[in-house]
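According to this note's numbering, the residues represented by the sequence shown are 2 to 68, in order.
Any given hint could be a false lead.
Listed next, the in silico SDA-like pairs over lysine to any residue satisfying Cα-Cα at most 25 Å (straight line) [what the hints assert, rightly or not]:
hint, residue 1, residue 2
1, 56, 6
2, 7, 40
3, 3, 23
4, 57, 16
5, 57, 10
Now the in silico label distances, taken between C-beta atoms and shown as ranges [what the hints assert, rightly or not]:
hint, residue 1, residue 2, range
6, 4, 43, 18 to 28 Å
7, 16, 39, 30 to 40 Å
8, 65, 21, 12 to 22 Å
9, 16, 53, 26 to 36 Å
Treat the hints as calculated values from the structure; they're not laboratory data. Glycine included, C-beta positions come from ideal geometry on N, C-alpha and C.
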Amino acid sequence: MKWMIKNVITEAREAGAKIGLCGQAPSDHPEFAAFLVECGIDSISVSPDSFIAVKKQVAAAEADRKC
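Build the full structure now, drawing on both the sequences and the hints.
The following block contains the structure:
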């Protein structure tokens, strides 16, 4: 599944399209949100109760991402 998600993000970025993900996985598993950032996703929707944990993971992933 990660391979498919990574490829969709890559193809969208190459086509000049913005791409986001709305779903429960980044809320339940903040490390999945970090994976999405590493892939180059533009936006992630999360539940309010997980926002702080996901924000920390996203910030760390963005700091580590080499563009």
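Hint-by-hint comparison with the structure:
With a CA separation close to 20 Å, the supplied pair residue 56 and residue 6 stays within the 25 Å bound. Among the hinted pairs, residue 7 with residue 40 is consistent with the structure: their alpha-carbon atoms are about 6 Å apart, no more than 25 Å. For the hint linking residue 3 to residue 23, the alpha-carbon distance of about 15 Å falls within 25 Å, and the restraint holds. Between residue 57 and residue 16 the CA atoms are separated by roughly 29 Å; this puts the pair beyond 25 Å, and the hint is violated.
A C-alpha spacing of about 22 Å is found between residue 57 and residue 10, which places the hinted pair at or below 25 Å, so the restraint holds. Checking the proposed 18 to 28 Å range against residue 4 and residue 43 shows it holds: the Cβ atoms sit about 19 Å from each other. Distance hint for residue 16 and residue 39: a CB-CB separation of about 20 Å, inconsistent with the stated range 30 to 40 Å. In this structure the hint that residue 65 and residue 21 lie 12 to 22 Å apart at CB holds, the actual value being about 21 Å.
Checking the proposed 26 to 36 Å range against residue 16 and residue 53 shows it holds: the Cβ atoms sit about 33 Å from each other.
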